[in-house]
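Colleague: As a plain string of letters, each chain reads:
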Amino acid sequence: MAFVPLTADEQQVMLREVGVDSVADLFVDIPEHVRFPQLDVPPPLTEIEVVRKMAALAARNQHIGQLACFVGAGAYNHYIPSVVGHMMGRSEFYTSYTPYQPEMSQGTLQSMFEFQSLIADLFEMDVANSAVYDGPAALAEAVLMALRITRRDRVVLAGSVHPEYRAVVSSYLDGRGVELATSEVELRDSGLEERPIVDLLDDRTACCVVQQPDFFGNIADLGAIAERCREVGALLVYVVAEAISLGLLKTPGAWGADIAVGEGQSLGVSLSFGGPWVGLMACKQEHLRQLPGRIVGATTDQQARRGFVLTLQAREQHIRREKATSNICTSQTLLALGVTVYLSTLGPEGLRQAAALSHKKARAGAERIARLPGYRVLNRGPFFNEFTVLCPTDGAFVRARLLERGIIAGYPLGRDYPGLQNALVLCCTERNTAAEIEQLANGLASCVS
Amino acid sequence: MDPTDRRYTKEHEWVKIEADRAVVGITHYAQDQLGDVVYVELPNIGDHVEMMKPFGVIESVKTASDLYSPVTGEVVDINAVAVDEPQVVNDAPYEAGWLIKVKPDDPSEIESLMTAQQYADMIGVS
Amino acid sequence: MTEPLLSELSRPGRVGQRFASPEQCRGAVDDLPPELLRGELPLPELGELDVVRHFTHLSTMNHSIDAGFYPLGSCTMKYNPKVDEDVARLPGFAQLHPYQPEESVQGALEVMLELQRLLAEITGFAAVTLQPAAGAQAELCGMLLIRAYHRERGDLKRSKVLIPDSAHGTNPATAAMCGYSTISIPTDSHGNVDLGRLKEIADQETVGLMLTNPNTLGLFEQEILEVTETVHRAGGLVYGDGANLNAILGAVKPADLGFDVLHINTHKTFSTPHGGGGPGCGPVAVRDVLEPYLPKPVVARRPSGELYLDWNRPRSIGKLKGFWGHFGMMVRALTYISLQGGSGLREISEAAVLNANYLRARLSGVYDVPYDRICMHEFVASGRSQRQYGVRTLDIAKRLIDFEIHPPTVYFPLIVEEAIMVEPTEAENKDTLDRFADVMLQIAREAEENPEIIHQAPHNRVVGRLDETTAARRPVLRWARVPAQAASAPAY
Chain A
2 MAFVPLTADE QQVMLREVGV DSVADLFVDI PEHVRFPQLD VPPPLTEIEV VRKMAALAAR
62 NQHIGQLACF VGAGAYNHYI PSVVGHMMGR SEFYTSYTPY QPEMSQGTLQ SMFEFQSLIA
122 DLFEMDVANS AVYDGPAALA EAVLMALRIT RRDRVVLAGS VHPEYRAVVS SYLDGRGVEL
182 ATSEVELRDS GLEERPIVDL LDDRTACCVV QQPDFFGNIA DLGAIAERCR EVGALLVYVV
242 AEAISLGLLK TPGAWGADIA VGEGQSLGVS LSFGGPWVGL MACKQEHLRQ LPGRIVGATT
302 DQQARRGFVL TLQAREQHIR REKATSNICT SQTLLALGVT VYLSTLGPEG LRQAAALSHK
362 KARAGAERIA RLPGYRVLNR GPFFNEFTVL CPTDGAFVRA RLLERGIIAG YPLGRDYPGL
422 QNALVLCCTE RNTAAEIEQL ANGLASCVS
Chain B
198 MDPTDRRYTK EHEWVKIEAD RAVVGITHYA QDQLGDVVYV ELPNIGDHVE MMKPFGVIES
258 VKTASDLYSP VTGEVVDINA VAVDEPQVVN DAPYEAGWLI KVKPDDPSEI ESLMTAQQYA
318 DMIGVS
Chain C
7 MTEPLLSELS RPGRVGQRFA SPEQCRGAVD DLPPELLRGE LPLPELGELD VVRHFTHLST
67 MNHSIDAGFY PLGSCTMKYN PKVDEDVARL PGFAQLHPYQ PEESVQGALE VMLELQRLLA
127 EITGFAAVTL QPAAGAQAEL CGMLLIRAYH RERGDLKRSK VLIPDSAHGT NPATAAMCGY
187 STISIPTDSH GNVDLGRLKE IADQETVGLM LTNPNTLGLF EQEILEVTET VHRAGGLVYG
247 DGANLNAILG AVKPADLGFD VLHINTHKTF STPHGGGGPG CGPVAVRDVL EPYLPKPVVA
307 RRPSGELYLD WNRPRSIGKL KGFWGHFGMM VRALTYISLQ GGSGLREISE AAVLNANYLR
367 ARLSGVYDVP YDRICMHEFV ASGRSQRQYG VRTLDIAKRL IDFEIHPPTV YFPLIVEEAI
427 MVEPTEAENK DTLDRFADVM LQIAREAEEN PEIIHQAPHN RVVGRLDETT AARRPVLRWA
487 RVPAQAASAP AY
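Chains as they are written, first to last, in this note's numbering: chain A, 2 to 450; chain B, 198 to 323; chain C, 7 to 498.
In short, the hints are calculated from the structure, not lab data.
Here a beta-carbon is modelled for each residue, glycine too, at the ideal position from N, C-alpha and C.
Careful, some of the hints might be misleading.
A few chain A residues facing chain B, derived, Cβ under 8 Å [unchecked claim]: (1) Ala315; (2) Ile320; (3) Arg321.
Working from the sequences, and respecting the hints, build out all of it.
Modeller: Written out as structure tokens, the structure is:
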């Protein structure tokens, strides 16, 4: 396809207007010896050829429509109603940019405002921003925010927070002189046990980061942690990696979180091999000025008509430069739109159903697997839609065996938790069928030699 | 011309000694350059401020500026009205729109700052 | 006509989508202690058609590339080919879980590896990471790589990042996120980095220079080789902000200019859609000495030919982003580059630069162009001579809206008074450019003859100019509560 529409005649007219003889004359500021290099890039393909090429690459993958998917671990195979893709696919949304000119961008701005409202209500927090890159980035920004608010230099992370989230926090804090303390997770006879995080909190601690449900699927009573945070003046930072759980579970706001973050992928965003997704971020009103990212506010025009604008921009990099709350200027707007369409289509009943069915199936799966010889469920208390299973052999090996049967059998914990080489975190959503759960159980049984 | 009962910084703050307090605000010129003030971030009472070091931030819709203290000392009062109704900084920068009151370590410190005439000369040329 | 909020459209008891009958859900959560469950769930309740009408109406309130000209400087609002969207939606790409076993995602890893190779070739660097989510995260990545380089050499006293005064705000914000202080380098009268000042300032405390080239004035740094050499002599590294890479595709490889790191915005240069402000995708290309520090994991090939994610990278800066980056954007970028081919890439930069120069030529004289020399893919004009009629750049921008043209970037870069930054991109034809120039000239005439019409613009949108002051003074950031739900809503 030809992307440059200028005809040769038009080019000549334009060059005359500019006052040069050739297009090459426009590039004379580039040092001559490096100007117009050879590029080892293949010649252009036609649209027919490129579709063939890309379809062939896609065909070398086994997608989750072809497999029974029991892996979650921060990325969830929930059903996305058709309407979500159709609304996101409107090019008025996806070929626009950050709404710098509000009069021409009310569609995007209003949908961002609605997104903020939905996330604040879902989390039961005072205010939400209009999204950041993803869950891990939201957590890293929340930790930086807590460091600014408290002016302290110590961060406590639960070891049951998603390993990728913890890794991103650690990278963002590199070189800032911040002490990171992580609670240990151990395998006991009774199951997985995390050392009490309250013991790590002290009056130097800026924030305590917990995830609910945690990486192993557990749902915990966070009352004591929240109370200890208040005692020592640390902020409670609450991570929701599986946002569907909020259809059912007690909210970050109700637990007393100061900052709540999460991954919005579960709420209508395709898995796409890990991105683009959408980072959710909300906080108490008193911390609003330290909240990074784009924020949309409602206002009026001179005729008192309601409209929406980007607001509180003096927090941001284009104004505050080196004193900004963050360098971020992306709000994952298109994905946030997807979340907004998803939540408004499901409503309270649909979201409760997605959560309840996911839990119900996970419980059925866990009960079935617990009866298999050689397998043990390691969760000691209630879990949501994920549970951790100890296998008789290496988790990665089990997974490879089950892939041969068309099953993605969870996430092996060996790389992140060296003592848990044989463990898998398994996940169910409303999409999994009873037949798939039976297939999974049979597959696991076949790995016992 | 700006009031002659006080001194001025090159960062467009003013300071006026009232008894043992130094009252601090921004100039008429500064509020005019900023446009509608939407937010003022001030230190806490009891904080220590230092001459020509930032003590807060003032924001309009499209810009933000650090506030520089014209004097060294302890913050003894902040203007809650300016925090709640920042419009007052635009409306009355020299009176109701003051920002902080400081108990100066050395009241004579401010004599190194500009007089109203010197400040007028500065903004006249800049 | 304005559109009600979702909360205002909500009617208790209305349902858009169910996954099962209420009976099938009954008892589903009996095993969970009630104290772990939430109370109310105040989401709006709408039918699917309500939702479709709502968002369809909202979409009509947007300007977009597909609807009209969008010369937003520094943002490269070029056409997004439709086939890119089709390809990215193939189930073999869109429906992959990031934690699938590697043997089941060989095609996806191949996409990443091929895109990395192409980007490395186009920019002249040794290696590329695709992990950063967007330009700003790519900047953070690049600066962390530079820090790791200095640290491993035991060069620990470097703490100052040099940044031209024309730079994007993300540059100083990024340096600050890394705990560095920043020093602003002035721009000289030709629109270049002030080389004399740079030479005075660069020293053993210099971490590096963050430089956009072409710079935000749309000008190619005329002494670029000496600029980068100056920083290298002081022991610093040069970070390239690739926001303006579109101007030099196939015209020069940034590595040949002395850059050590460069980030690429696929949403600008390689036409992945901007999505109303995200998703972006910010690959980072590096010289060989920085390769060991790249974020992990990296895509690698075993001797058997099989691709895998290599986590065994002991010198890596770690992880910056969940999973492997914005894969959906990588698919689109690879599709785009494949369509263009090597020859097409050079045609892009040539047309982008010609279009910008043509508009510059047509507007200069009526609008001030403070650095009026051959520009690259964009140029910065100024509305300062229109000020004598009481018309500001903001007014000119709002008047453009009446003509269904998205205003250029305004009031940036900060060093140009009343700045109007125009980037037409290569995708536009001469008719569109001429119409834009004609409208701009008409607005300049109106400024003299009928400034009132400019002050009252825009006239034809769903809202007029909005009260941003009140929005910031009394922030309203969420809707009032959604009306109470039907008492019959099942709690399971």
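Colleague: Decide, hint by hint, whether the structure agrees.
Modeller: Verification of the hints:
no. : hint   : in the structure
1   : Ala315 : 4 Å, holds
2   : Ile320 : 5 Å, holds
3   : Arg321 : 5 Å, holds
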